[in-house]
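*Asks:* Sequence:
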Amino acid sequence: MGREIADVMSFEHGALWLDRPERNVEELPNRLFDVLDLNPSAVVADIGSGTGFFTLLLAETLPHGRVYSVEVLPTLIDTLAARSARLGFRNVTPVLGTEMSPNLPQNKMDLALIVASYHEFTYPREMIQSILDSLKPGARLVVVEYRLEDETIGVSDAHRMSEAQIRKEIESVGLVWRETRDVLPQQHVMIFNRPRD
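Here the sequence shown stands for residues 0 to 196, where the numbers follow numbering that gives the first Met the number 0.
Simulated from the structure, these hints should not be mistaken for lab results.
For glycine and all other residues, C-beta sits at the position ideal for the given N, C-alpha and C.
Some hints could be false.
Below, simulated DSS-like cross-link-like pairs (lysine-lysine); rule was C-alpha separation at most 30 Å, straight line [said to hold, decoys possible]:
(1) K135 with K107
(2) K167 with K135
(3) K167 with K107
Label-pair distances were calculated between CB atoms; the ranges are [said to hold, decoys possible]:
(4) P104 with G153: 30 to 40 Å
(5) R85 with E148: 33 to 43 Å
(6) N106 with G153: 37 to 47 Å
(7) G137 with N29: 20 to 30 Å
(8) Q105 with E150: 19 to 29 Å
(9) A81 with T151: 36 to 46 Å
(10) A81 with G173: 14 to 24 Å
Construct the complete structure from the given sequences, taking the supplied hints into account.
*Replies:* Printed below as a string of C-alpha coordinates:
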(Lines of atoms letter the chains of each structure in order from A and count residues from 1; the text may use other names and numbers.)
(Lines give C-alpha, C1' and ligand atoms only; values in the text may rest on other atoms or scores of the structure.)
Protein backbone atom coordinates (compact mmCIF):
# COMPACT_ATOMS: atom_id res chain seq x y z
CA MET A 1 0.00 0.00 0.00
CA GLY A 2 2.77 2.39 -0.93
CA ARG A 3 5.49 1.68 1.63
CA GLU A 4 8.50 -0.57 2.10
CA ILE A 5 8.17 -3.08 4.93
CA ALA A 6 11.10 -2.89 7.35
CA ASP A 7 13.31 -5.87 8.05
CA VAL A 8 12.82 -7.51 11.43
CA MET A 9 15.71 -6.82 13.80
CA SER A 10 17.97 -9.73 14.65
CA PHE A 11 17.51 -11.26 18.09
CA GLU A 12 20.82 -9.90 19.40
CA HIS A 13 20.34 -6.34 18.13
CA GLY A 14 16.64 -6.36 18.94
CA ALA A 15 17.11 -7.53 22.52
CA LEU A 16 19.68 -4.80 23.18
CA TRP A 17 17.35 -2.14 21.72
CA LEU A 18 14.27 -3.44 23.54
CA ASP A 19 16.02 -3.75 26.91
CA ARG A 20 17.92 -0.44 26.82
CA PRO A 21 17.81 1.31 30.22
CA GLU A 22 16.67 4.66 28.77
CA ARG A 23 13.50 3.17 27.32
CA ASN A 24 11.37 4.32 30.27
CA VAL A 25 12.48 7.91 29.67
CA GLU A 26 12.27 7.84 25.86
CA GLU A 27 8.92 6.07 25.54
CA LEU A 28 7.17 7.20 28.74
CA PRO A 29 5.04 4.07 29.24
CA ASN A 30 3.08 5.71 32.07
CA ARG A 31 1.66 8.22 29.59
CA LEU A 32 0.70 5.42 27.22
CA PHE A 33 -0.96 3.47 30.02
CA ASP A 34 -3.00 6.54 30.99
CA VAL A 35 -4.39 6.51 27.43
CA LEU A 36 -5.05 2.76 27.55
CA ASP A 37 -7.18 3.22 30.69
CA LEU A 38 -7.43 -0.52 31.34
CA ASN A 39 -9.85 -2.35 33.60
CA PRO A 40 -7.80 -4.57 36.00
CA SER A 41 -9.59 -7.65 34.62
CA ALA A 42 -9.07 -6.82 30.92
CA VAL A 43 -7.78 -9.36 28.40
CA VAL A 44 -4.99 -7.76 26.36
CA ALA A 45 -2.68 -8.87 23.55
CA ASP A 46 0.84 -7.40 23.34
CA ILE A 47 1.71 -8.13 19.72
CA GLY A 48 5.37 -8.02 18.78
CA SER A 49 6.18 -8.10 22.48
CA GLY A 50 9.92 -8.62 22.08
CA THR A 51 11.59 -9.36 25.40
CA GLY A 52 8.46 -8.40 27.35
CA PHE A 53 8.92 -4.73 28.26
CA PHE A 54 5.22 -3.88 27.81
CA THR A 55 3.97 -7.39 28.60
CA LEU A 56 5.35 -7.20 32.14
CA LEU A 57 3.98 -3.68 32.69
CA LEU A 58 0.59 -4.90 31.46
CA ALA A 59 0.74 -7.97 33.71
CA GLU A 60 1.30 -5.71 36.71
CA THR A 61 -1.55 -3.40 35.63
CA LEU A 62 -3.98 -6.30 35.09
CA PRO A 63 -3.90 -8.36 38.30
CA HIS A 64 -7.25 -9.99 37.48
CA GLY A 65 -6.80 -9.99 33.71
CA ARG A 66 -4.70 -11.82 31.15
CA VAL A 67 -1.87 -10.72 28.82
CA TYR A 68 -1.28 -12.68 25.64
CA SER A 69 2.32 -11.93 24.72
CA VAL A 70 2.85 -12.60 21.01
CA GLU A 71 6.16 -13.05 19.21
CA VAL A 72 7.30 -14.89 16.08
CA LEU A 73 10.73 -15.93 17.39
CA PRO A 74 10.80 -19.01 19.66
CA THR A 75 13.85 -17.56 21.46
CA LEU A 76 11.82 -14.52 22.49
CA ILE A 77 8.92 -16.70 23.62
CA ASP A 78 11.34 -18.60 25.87
CA THR A 79 12.68 -15.31 27.25
CA LEU A 80 9.15 -14.04 27.93
CA ALA A 81 8.12 -17.24 29.68
CA ALA A 82 11.25 -17.27 31.86
CA ARG A 83 10.90 -13.59 32.84
CA SER A 84 7.21 -13.92 33.64
CA ALA A 85 7.82 -16.99 35.80
CA ARG A 86 10.79 -15.42 37.59
CA LEU A 87 8.72 -12.34 38.46
CA GLY A 88 5.76 -14.44 39.58
CA PHE A 89 3.27 -13.31 36.92
CA ARG A 90 0.65 -16.00 36.38
CA ASN A 91 -1.47 -13.84 34.09
CA VAL A 92 0.92 -13.93 31.10
CA THR A 93 0.39 -16.35 28.22
CA PRO A 94 3.32 -16.40 25.74
CA VAL A 95 2.04 -17.09 22.20
CA LEU A 96 4.16 -18.10 19.21
CA GLY A 97 2.66 -16.23 16.28
CA THR A 98 3.42 -16.48 12.58
CA GLU A 99 4.05 -13.85 9.90
CA MET A 100 0.36 -13.99 8.99
CA SER A 101 -1.37 -14.50 12.35
CA PRO A 102 -0.79 -13.77 16.03
CA ASN A 103 -2.59 -17.06 16.81
CA LEU A 104 -4.95 -15.45 19.32
CA PRO A 105 -8.37 -16.78 20.34
CA GLN A 106 -11.25 -15.16 18.45
CA ASN A 107 -13.53 -12.53 20.01
CA LYS A 108 -11.55 -12.58 23.27
CA MET A 109 -9.41 -9.42 23.46
CA ASP A 110 -10.49 -6.16 25.06
CA LEU A 111 -7.36 -4.51 23.63
CA ALA A 112 -4.60 -5.37 21.19
CA LEU A 113 -1.42 -3.29 21.58
CA ILE A 114 1.29 -3.03 18.93
CA VAL A 115 4.29 -0.94 20.00
CA ALA A 116 6.96 -0.13 17.40
CA SER A 117 6.55 -3.38 15.48
CA TYR A 118 3.66 -2.94 13.04
CA HIS A 119 6.10 -1.51 10.47
CA GLU A 120 7.93 -4.87 10.50
CA PHE A 121 4.90 -7.07 9.83
CA THR A 122 5.72 -9.07 6.69
CA TYR A 123 2.00 -9.48 5.92
CA PRO A 124 0.37 -6.45 7.58
CA ARG A 125 -3.08 -6.91 6.03
CA GLU A 126 -3.36 -10.56 7.07
CA MET A 127 -2.06 -9.77 10.56
CA ILE A 128 -4.52 -6.92 11.10
CA GLN A 129 -7.39 -9.08 9.83
CA SER A 130 -6.43 -11.79 12.31
CA ILE A 131 -6.11 -9.20 15.11
CA LEU A 132 -9.55 -7.84 14.18
CA ASP A 133 -10.97 -11.37 14.54
CA SER A 134 -9.41 -11.67 18.01
CA LEU A 135 -11.05 -8.48 19.30
CA LYS A 136 -14.43 -8.38 20.99
CA PRO A 137 -16.96 -6.15 19.20
CA GLY A 138 -16.19 -2.57 20.22
CA ALA A 139 -12.71 -3.49 21.51
CA ARG A 140 -9.63 -1.43 20.70
CA LEU A 141 -6.44 -1.78 18.69
CA VAL A 142 -3.74 0.69 19.75
CA VAL A 143 -0.81 1.18 17.38
CA VAL A 144 2.30 3.01 18.58
CA GLU A 145 4.87 3.88 15.91
CA TYR A 146 7.75 6.34 15.59
CA ARG A 147 6.61 9.39 13.61
CA LEU A 148 7.78 9.54 9.99
CA GLU A 149 6.67 13.18 9.97
CA ASP A 150 9.42 14.15 12.46
CA GLU A 151 12.87 14.18 10.85
CA THR A 152 14.59 14.84 14.21
CA ILE A 153 13.86 11.31 15.48
CA GLY A 154 17.01 9.17 15.33
CA VAL A 155 15.29 6.12 13.85
CA SER A 156 15.63 5.12 10.17
CA ASP A 157 12.74 5.93 7.81
CA ALA A 158 11.91 2.24 7.35
CA HIS A 159 11.24 1.97 11.10
CA ARG A 160 8.94 5.02 11.26
CA MET A 161 5.42 5.51 9.85
CA SER A 162 3.14 8.41 9.04
CA GLU A 163 -0.26 8.71 10.63
CA ALA A 164 -1.85 8.76 7.17
CA GLN A 165 -0.17 5.48 6.16
CA ILE A 166 -1.18 3.70 9.36
CA ARG A 167 -4.79 4.80 8.96
CA LYS A 168 -4.87 3.79 5.28
CA GLU A 169 -3.63 0.27 6.00
CA ILE A 170 -5.62 -0.48 9.15
CA GLU A 171 -8.91 1.07 8.06
CA SER A 172 -8.74 -0.97 4.83
CA VAL A 173 -9.33 -4.12 6.90
CA GLY A 174 -12.43 -2.76 8.63
CA LEU A 175 -11.18 -1.29 11.89
CA VAL A 176 -12.42 2.24 12.59
CA TRP A 177 -9.98 5.02 13.55
CA ARG A 178 -11.17 6.75 16.71
CA GLU A 179 -8.36 9.16 17.58
CA THR A 180 -4.64 9.83 17.62
CA ARG A 181 -3.31 10.89 21.00
CA ASP A 182 -0.29 13.20 21.07
CA VAL A 183 1.07 12.03 24.42
CA LEU A 184 4.49 10.60 23.54
CA PRO A 185 7.51 12.67 22.45
CA GLN A 186 8.47 10.58 19.40
CA GLN A 187 5.61 8.20 18.63
CA HIS A 188 2.05 8.25 17.31
CA VAL A 189 -0.53 6.63 19.59
CA MET A 190 -3.38 5.65 17.28
CA ILE A 191 -6.60 4.10 18.55
CA PHE A 192 -8.91 1.99 16.39
CA ASN A 193 -12.07 0.06 17.26
CA ARG A 194 -13.60 -3.12 15.99
CA PRO A 195 -17.13 -2.10 14.97
CA ARG A 196 -19.93 -3.47 17.12
CA ASP A 197 -21.84 -6.18 15.21
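*Asks:* Compare the structure with each hint and give your call.
*Replies:* Hint by hint, here is what the structure shows:
In summary, the hint linking K135 to K107 is supported, as the alpha carbons are separated by about 6 Å, within the 30 Å threshold. For the suggested pair K167 and K135, the alpha carbons sit about 22 Å apart, so the restraint of at most 30 Å is met. Of the supplied pair hints, the one linking K167 and K107 holds, its CA atoms being roughly 25 Å apart against a limit of 30 Å. For the pair P104 and G153, the beta carbons lie near 38 Å from each other, so the given range of 30 to 40 Å is met.
Between R85 and E148, the C-beta spacing of about 40 Å keeps the proposed range 33 to 43 Å intact. The beta-carbon spacing between N106 and G153, approximately 40 Å, falls within the hinted interval of 37 to 47 Å. Between G137 and N29 the beta carbon distance is about 26 Å. The supplied range of 20 to 30 Å therefore holds. Checked against the given bound of 19 to 29 Å, the beta carbons of Q105 and E150, roughly 41 Å apart, lie outside it.
Checked against the given bound of 36 to 46 Å, the beta carbons of A81 and T151, roughly 37 Å apart, stay inside it. Taking the beta carbon of each, A81 and G173 are about 37 Å apart, not inside 14 to 24 Å as hinted.
Of the numbered hints stated above, those contradicted by the structure are hints 8 and 10, listed in ascending order.
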